[in-house]
Structures are given as structure tokens and as C-alpha cells.
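Peer 1: Mind docking chains E, V and L on chain D? Use the hints.
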Amino acid sequence: MSSSTVEKSGFSGRPKGESGIGAWLTTTDHKKIGIMYFFTVLVFFALGGAESGLIRAQLAQAEQNLLTEEIYNQVFTMHGITMVFLVVMPLSAAFFNYLIPLMIGARDVAFPRLNAFSYWVYLFGGIFLYSSFLLGGAPNGSWVGYAPLSTDAVSNMAFYAAGLNIVGVSSLAAAINFIVTILNMRAPGMTFMRMPVFIWMSLVTNFLLLFALPIIAVALFMLNADAVFGAQFFEPGTGGDPVLYQHLFWLFGHPEVYIMILPAMGIVSEILPVGARKPLFGYAAVVFAGAAIGFIGFGVWAHHMFTSAIGPVARSAFALSTMFIAVPTGIKIFNWVFTMWGGKLRFTTPMLFSIGFISMFTIGGLSGVTHAIVPHNAQQHDTYYVVAHFHYVLFGGALFGLIGGVYYWFPKVTGKLMSEKLGKVHFWTWLLGFNLTFGPMHMSGLLGQPRRTAVLPGELGGTVEIYNLLSSLGVVVLTVSALVFLFNLIASIKGGVPSGNDPWDARTLEWLTPSPTPYENFPIIPTVTHRDEFWHRKYAEDDAGKAIPVPAGAAEDHDADAEPEHIHMPDPSYWPLVQTLGFFPFGYGLVYGNFWLIGIGLAWLVIGLYGWIIEPLAEGDDDDPVDEPARPGARAGAH
Amino acid sequence: MRETRQTRAGSRRRTRTVTGIVVLASLLLAACSGEQNALDPAGPFAQGPHDLIVPVAIIAAVVFVLVQGLIIYSVIRFRTRKDDDGSLPVQVHGNTRLEIVWTVIPAVILAVIAVPTVQGIFEQMDDPGGDDVLAVEVIGHRWWFEYYYPDYDIYTANEMAIPTDTPVRLEMTAADLARSPEQGVVHSFWIPRLAGKQDLVPGQTTFLNMQADEPGRYLGQCAEYCGLSHVNMRARVEAMEPADFDTWVEQQSTPAEVPEDGTLEADGRELYNDLDGRQACASCHQVWEDEGDARAAGQGPDLTHLLSREEFAGAIHDMTEENLRDWLEDPNSMKPMQYEVNGIGMPDLDLSEEELDALVAYLLTLDPES
Amino acid sequence: MAAGVETTTMGLDHRKLGMWTFLGSEFLFFGAFVSAYLLYLDTTAGGPGVEIFDIPFTSISSFVLLMSSLTMVLAHHAHAQGDLRRMRLWILATAGQGAVFLGGQVFEFNVFVREGLTISESPFASSFYVLTGFHGMHVFVGILLLMSVYVLSLIGKIKPTQHVKTEMIGLYWHFVDIVWVVIFTVVYLIPEIAVLE
Amino acid sequence: MSSTDAPEQASSTDEHDDHHPTPRQYVNIAVVLAVLTALEVSTYFLDFGVIAIPLLVILMVVKFLYVAGWFMHLKFDSRVFGRMMYTGLFLALGLYALAIIVILFDSATIA
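Protein chains in written order, with our numbering: chain D, 1 to 639; chain E, 1001 to 1370; chain V, 2001 to 2197; chain L, 3001 to 3111.
Just chain D, with the same shape it has in the complex (with noise of 0.2 Å):
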């Protein structure tokens, strides 16, 4: 904190925490809060995980009954939100909060108590979705919710309906600020073309973010409306379409796939070039490739319908586009590759989980163009086949490329390095444990094994059910690993091996500061001029091509001329957390068709906001600072 003095005025005055339970709880530092973020998806990880588990355990045999039809539909419904919405969604949240503004070198998001706001409100959406199990049952309508199955009065779903709108509200917020972050706080001379990938794949997935959203909110209002209101969207006996809920899910439903692995993407192409010692191959067409996944992205939305109730040229047409959208992907997969080629790769931890990625993310690939052979697709779809393929696109993918930053950005964290020898443990029981969960499902699906059923049927036959005992030996595999991993994260942070601020001699702006992270992030704003920033503070290229270092000290000299600047930080805020709490009345009201707790839910989310404009500022509005003139050069005022 650079200024102490709390303007005391108003209906309260500002939080001044900077240690202890309280500076977590009031806290705007993007930091703070991607590492909340990172803990409590920990938590929820653990939860879908447990689920897993439990679904697992009841498929191990054939005509087991371990759990009841009912607990097992609940079961495999929360597995199915717990760990899009809970998990992968919000870990890539937990790495926009803490790297956005580091790479892009900025002090902090645009929006920092809206920021903290989009953390309460995941948090609070979560617990509200759990709280079903206490409250007569979880959703047990899987995780897509087709109406009219989802408006039935027994199904649960008012809590699946309200409980991921409000989910939806945190990332919508999140993905405006990181939106306006991206565009409005590049530090200066960091050009669009000089953006780390990292950061051009969170633009593309919060833009992504920002379109999908409002159509899934749509779809769950419908939902709620018909299920707790009596409305008629989804009911074919007044002549409702069951169809169209699924075209407004997926239309959400496939960019959502993007969102969840467009994130690891650019984690991988962080990691790529600094375990290969050199920069990322075709950069531009990384990116380009990236963001056309992007927008094609939201023409493909009917191939999770091609056995619904579409016609033969929506059938064509879409498979075409969906074939389409192979073409960026391959590209990427290429390029990742061959920024290997002649590279001299250390084989970290980190790179360890890139290079699977690349190749656990390739299968899911190759069996994604399988589904759009639409006439075999009516084979595959819905069955364990289709399992298979997205846990290799999500877990394979997604989650290795996330837990690989998770390795990778630890000493930026903590200044700390996370043990490599428990890590390599970690990424190979992971591998195994992964392939032996996923790979037979392949084959199960194929072999007739529908999904979302509550006891593996006998009639399937032994082969099917030994794939099916080798997929829950491999959740053995994978709890044992995810021991491991915990262990290592807590035995790390509390007495890993200090890592220094650069320990992987890294490319990007991140590095440049001092590890742990200052609060401030940057004493001096850097002024950019290459892409890979750092890199080149450190190494220049010789005529051949080849990086050789430039003498020790030179990494400050861009910056030698540049004066000890006023540091502004965001002031710490109890009214996100305040205000949040106003979706637990608002989300229970919705569910048992309540209006009394809608509008206490309402009142208290206004009161919240006008807390919040209210609140005194340390340093005085945005547009009317109280302190002394901004240093020379800046202008004044947000424009």
C-alpha cells in the first residue's frame, strides 16, 4: 500500500487489512485473489473428484449397486458441473487474475473490486450448487439439463438453473475486466503482436466468455421459468420445442469448450519455448489459429445434436464446419511441435505436462473428427466413446496444460520451486493413471456402452466390463497422483527450495519482477520493444541466429532512464464480499419459486452496489485524484 490515509466519510470507511484473515477477505490484489481462486478450485476438484470416484466404484462390475439409481444420477450430474464450472473454468480464472496484468506488466486488472466480486460470486455459486445435497437433493439431470426432462418437478434442476446463472455472472464479470485489462493496460510499446500467447488465448476465451454467456443465462432462465414458474418454453404439451433448449445450450455449450481449452493452450505456449531454449515457432499463426478457433467456435454448436431432432442438410452443413475447425487446431499441435524441433529441451516438470498435453490433446482431437462422420456419429454419440474424447480434450488437455502452469508459475507465486522429483512422480502416475481411466472407454463406448447410466449392464458383456474395471483402476492411479501433486504443493509452499526470480530463464514480462511478486508487481513500469520481452533483456541474437547473453545488468538499462514513478493501488473493499452474499436469498428464491427471498436477494445485491459506489477512496476517484500530479509525462484522467 503506498498511501495509509483512509478517507473516513460516507457510510464507511475502507478496509485497511494488509495481513491476516481479513486483508484475504477485503482484498482487491489480483494476486490474492488468483490464488484464492486456485485454493478453492483445489476444494471443488476434490469434491468432482470424489464423484468420479464414486461413479467409478459403482461401474468397476457389471450390474453393481453400490449406489441407487437416484444418488448415482446426482452423482454424475455434479461430477459433470462440478468439474466444468468449478474446476477447469475457474483454475484458468485463477491464472488470468494472477498473470493478465503481470504479462501484460500492469499493477492490477481494470476492475479490481469487480474482480473480487467474480471470486465471491464463484465461491458462493459453488456452495449454493453443494447446498442441494442438503436440501432434498443434488441436480441429477446431467450436466447439459435437457428440458423437459430438466423442468419435471423431481429433477432437481431450479438448482442447476440458478446455481450455474450465478456461476455465470462471476465469469461475465471476470471476462469484461480481463477484457478491458487486455485492451486498455498493456504497458507501453506492448503492441498486440507483442502479447505473450497467453495472453492473446485469455483474450479470445473471455471475448468467448463474453458472447456465450448470455445465451446459457437464457437458456437456464427458460429453464427455471418452466420448472419453478409454470412458463411453457420447453413443454411439448402446449407445444413448447425441447429441441430448442439444446440448440441455446450448446450454442453456449461449444465455445464453452474453447473457453475451457483455449486457456491451457496458451500455457503450453508459454512453456514450449522456455523448456526448448528458443522462441515459440510461427507465432502468428499461433494466434491467428487460436482466435479462429475462437469465432469458428460458435458455428459448430449442432454437432452435439446430430442425433436430435435436425435434418439432413443441418446434419451436412454442420459436420462440414465442424471438420473446418480441425484445420486451426492441427496448426497449433504443428507449431507446438516444431517449437521443439532443434530446440536443446530441458525436460522439467512443467514441459513434462506440455508435451503431454500436446499428445494426450492430439488424440482427443483425432476422435473429435471421428464424431463429425455424422452417419457413425449416431454410434458414437452418447456413448462411452464420446466420454473418452472429451476427458482426452479436457483432462488430457485442458488440465495437463493447467497443472503444468501450476508447476511452471509456483516460484513466481511463492519464491519457491516445487520438488521435481515428486513432480515427475506426479506427471507420470498422472499419464498412466489418465490413459488406463480413458483409453478403454474408447473401446466400451464402441462396443455398445451407453453413458449417464446408473449400473453397467451385464448383457454388455466381459469384455466391455473389463474396460470398464480398467478405467476405475485407473481412477486409483489418478487419486494416488493427485496425493502426490497435494503433497508436493504443501510441502513446497512451506519448504521448497528457493527458486530465485528468474529459475526456468523465462521469456516474458512476469519474470522480470522480483519472485514472490511484489505487491505493487512493477517499481517501475518496463516500456516494451521486442516480443518476449525479458528474453531479449537478456539475450541477443547473433548473426547465425543463435541467442548469446548480453553482459550482466543490461536488463535495466531500458528502464536506467526512467523516474521512481507514484505507485496507485487498488484499496482493499469489504463490499464484494458483502454484496455477494445477496445471491444465496436471490438463487434460493429462484429455486423453490420464492419472491420474497428474490426480492430480499435483489435489495441486498442493490444496497451492495450502492455500498460500493459510496465507498471512500484512499486516493480519491478515478477521474479526480486527491493527491499530488501523476508523474510528468502521464496524462491525467482516464482518457
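Derived by calculation from the structure, the hints in this document are not laboratory data. Among the hints, erroneous ones may be present.
Result set (PhoX-like, lysine-lysine): computed pairs, CA atoms no more than 25 Å apart in a straight line [stated by the list, open to error]:
{"hint": "1", "chain 1": "D", "residue 1": "K546", "chain 2": "E", "residue 2": "K1082"}
{"hint": "2", "chain 1": "D", "residue 1": "K344", "chain 2": "D", "residue 2": "K421"}
{"hint": "3", "chain 1": "E", "residue 1": "K1082", "chain 2": "D", "residue 2": "K421"}
Values in this document were obtained by computation on a predicted structure and should not be read as measured data.
Peer 2: Relative to chain D, chains E, V and L alone:
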């Protein structure tokens, strides 16, 4: 973890498991034939898609080997060696020619695959036409399939009889409760060896073509999640020689026989129609007894020739006296349903021992063979 | 918020950029409801359909909402001139017109419900109420925001220099107006005329 | 209070001020909008025949552009803002049009 608990389930399974792992390698190679196996087509509408996917799978396998080989080669070839001098590699930023190559080649491959795919879509969906096409209407209920043969005015459930070498055109929808689309949910009809799946949407009609080359029993099940007992919604196709099919049609077109007065079976029939204030079987299930009456279907499966089917309750239980008795005694323990909540499924009728005896005896008379 | 003392990359105000970003996403929100409404125009399940609309009445309330955009932009203009007093006057006028529009909507809904068009009547009814209802919610939020500008400027929390704040609320308000321009034509007028023919 | 704060205005914020329309121009726009609305409503009372619907669509678009361009300052402000909004608008139009076409004209029921 949790898996270890299940090894208690039975030693028979344990031995099977051990042998299973031993023979795993051979399993991975051999395409094994099962009755619900999508890799083993038994009719033209399953064969077409299969012929399409095999070359695609081969191309995918080649690409797989190529990419993974490239990754493994790079990893081995470009690892940092022990005697490395610590200098940095040549800083290559990209290569436009290579970028073009790996943009164009996949695009061309995909374009080649796209042509037969689009052809296949239309072939798969077009009405096969011709006089010999058998029409069957399929209605997905929670949680059983109902079949109606409009040409013969026959209602049956779970098991669909079809003649071999004859294209079958399924006209499908979903409904619950008094056959109205109200409360219907989306199902999907799937007999992997005969055709891919197609969803059944309440309030709409979808179509599926199917044909069996050989007589036999083909297994399938509902493939679109439809709630509580989704897993207990199986489907079977009984393909028979055309002559046998004609016999089947004849049997099904004969009304059920009414048991003689004074017998246990006759008492059962009484109870069937009137259960003393409890909901009578006849209010949901039809038994067609008189040629003069129009055949009609109720909320539950048609029972006129119940014993002509091998299984009941969504084709999850064998049609045995014991199973029928258990079913009537406590249907929810045989198959989870939610009659008490929203009227979906079979109610628990709270039957006495005597009533059970009589009803089961009556049900066992509903056999066209007798 | 660091915007005040730091140069922004694109030379744009964070909050304005954020608001425009949000508005871009709102099109997909309303677009989905409008699409559902168009799909269900004829799906009235025997209940009332578009003929129930009272075009002259809705025209007047639409006109009021449209004119509130004028007072809104005048409020911003006054603020940009540093004239808080006139700004507050125009803000009140805008909020008042918003309230008139909302009152009209409540009245209209009441009439429709009495004539048998309840939300449970048909998919048409559901999509009509939820679409126009969500628009009404947006107007309501807009009124709350306008009142907060009014009060904050009274207690000195919004200063004459901070017209970006009025401009932001204005962007939101005009957007809500634009959406109604579309709804008035697509939801009310065109279907009604198609029925009349 | 406003008088004491007024001088600060010069040192801060909007450099677009000189481009901004005058209140008179705003009122003129509002009059145009009112006339267009009157024209719209007249289609309900008068029979415009086949041109009624195309006319209404055109009037709607014109009103839309007037409000967005003048009242929301799109005509005068950074083009980035317009791009943000129109991306959303055209994406919405394209996606929902496609979805409606699929639902109405290519459902499996028709096949």
C-alpha cells in the same frame, strides 16, 4: 480406494478379473462380437456408417502415429545432452512454407472425407421407399419402448419383431401419461448392430431406418438420458425369417383367451379389472379379448400377448413366474420408478398373497402359444 | 482503480470500454429471448395470441421511453458542462419517464392476465412475458442507477468533473431504449400487422 | 459547489467535447425519432400492404442507428466502442438466425 471394496463382491468375478487382465492384449486387437456392438454391423443401415468410419479411422491412426512419432522423435533427438556446452540453440521463429503445408494438407484430407460423409447423411435419413418397407411406430415412455404396427394394428413393448431382409422405417416420438406429449421426455432409440441412434422428442416425430440381414436377437437401449431409470430402458429387436414374422403377426392379431370361470386364472382376471378401490391393472394396461373391440393402448405396456415376449419392465427382467410375482409385489424394488411423485411408472398396489397368486396365474395365460 | 493516474493503452476510459463490452454481450441475451418469441408466435395452445396487444397504448409508453433518451443525453450534456443542477433535473426527468414506462408495462401485464394470457398459458405467453419482463427489469435497474447518480451528486460524491459516470449510466439507458425500439417493432407491431392482414 | 470544482474540468477528462453535438441537435434528433415512431405506429392504422413489414424493419434500423450514433455518441467516440457493440449485435443476429432456420426448416420431422 473405493474399488478395493468391490473385490468382496464375489470370487467368481475376481477370477474373471484376473483372467481378464491377462487376456487384455488380445482383447485390444480382436474386434469382439457382442449383441450390442457398434463395431459389428448386421444390416445395411449399420454397415454404411461402418464402411465410412473404417477409412477415417485408418487415416486418423496414420495421423496419430505421425504426430506422436514426431513428438517422441523431437523429445529424444533434441533433449539437452550431458555434454552440452550450455550455448543456446538457433533461434528459429517460424517458417511460412511449413505453416502452409500443415494448413493445406489437413484441409485437403478433411475435404476428401467430407464428400462421402454428406452423401452418407442423406442415405441414412432418406425414406427407403418401396412396397416392402415395414412401418413401425415407436413411442418412448419413461422407461420403456412401445411399438405399434400400423399395417397390422398390433401393440407391443420392449421387443420389436421384424422380418429379415426388409427395410423397417421407424416413426418415433416420446410421450408419457395417457399418451400425450405432456410430461414426455427425450429418449433415443439405439440398436447398434442394426442402425445408429436417433432421438425421440416429445411433440415431434423423428425417423430411423433399420434392417437386419440375419435372424436373431439384437440388443439396444435408450441412449439419451431420461431420468431415474434411464439405465433400465432397454430395447430388443427380434429379427425373424419373413415366414416366421407372418406367423408372429397372426398370433398377435388373435385376441387373448378369457380363462374359464371358477379357476384361479379367472379370479386373477377379475382382479385385473377391479382391485377393490385400488387402481386396477386395466386402467393402464390393455388386454384385447374381443375381435369386435378396437385395440387401444393405455399408459402402460399392452399385455394381450405378454408371454410372447422374453422380458418385461423395460426388458430388464426375464419373463418368469417368480419375476412377475416379485414385480407385482414391489415394482420399485425391481426397477426404480416415481409413481408416487408424478405418476410415472408402476404403482405399488399393496397386493395380498392370494391376489398375487391369482394375478400371476392370469398373466401366465396371456400366451399366444397356448 | 488505477485508471485515474495511469495512461491507458487505447486512450479509452476503462469504465466506458467495460460498459460497451457488457452491452455487446447483452445483445446475445435479448437476442435469445426475441428468437424464442418469434419461434413461438403461433404457439398459443388455444389461448390469446398477438391480437391481445393494445398497439396505441404500447405506442405511447414506447414513445415515452424513447424521449427519455433525449433527457438522458441532455443530462450528460449538462454534466459535461459542469452544470450539476441541470444535470439532476434531466436525470429526474429521465427516471420519471422510465417509471411511466414501467407503470405502463405493469398495467399492460395486468390487462393481459385478466384477459387470460398468463405465463403458464402457452410458450407464446411465456416468451412474451419473460422477454418484456427482463426488459422491464433492465429499465428498473436503470432507474436505480439514475437515482444513485442523483443522490450521489447531491451529497457531493459525484463531482462536476466526473461526467463519465453520467455518461456510463447514459450508455446503459440508451441501450435499454434501443432494445425497446427493436422489441416494439419485432414483438408488437410486425406480428400485429401480420395478423391484421 | 459546482463553481469551485469547475476549473478542474479543464485539466481532466473528455477531449471529445468539441465534437459533441449541442442540445439543439439532440432535440432535433429526438424530433426525427418522434416522427419515425409516428410513421411506425401509422402502419397499424393505415394499410401499407406488402411494404408494411419491410418499412417497419427499415424504420427500426434507422431509429436504432440514430440513438446509438447520436445519443450514445458512437459517431463521435472511439471506434473501438462501436466494434464491441456491433460484434455482439451481428453475432447475435447470425447465430439466432441460423438456429431459427434449423428449427423451422430443417427439423428431422420434415425429413
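Peer 1: Is the hinted pair K546/D and K1082/E satisfied, with a Cα-Cα distance of at most 25 Å?
Peer 2: holds, 20 Å
Peer 1: Take a quick look at whether K344/D and K421/D sit within 25 Å of each other, Cα to Cα.
Peer 2: holds, 21 Å
Peer 1: Would you check the hint for K1082/E and K421/D, treating anything up to 25 Å between C-alpha atoms as holding?
Peer 2: Cα-Cα ~19 Å, so holds.
The structure shown violates none of the earlier numbered hints.
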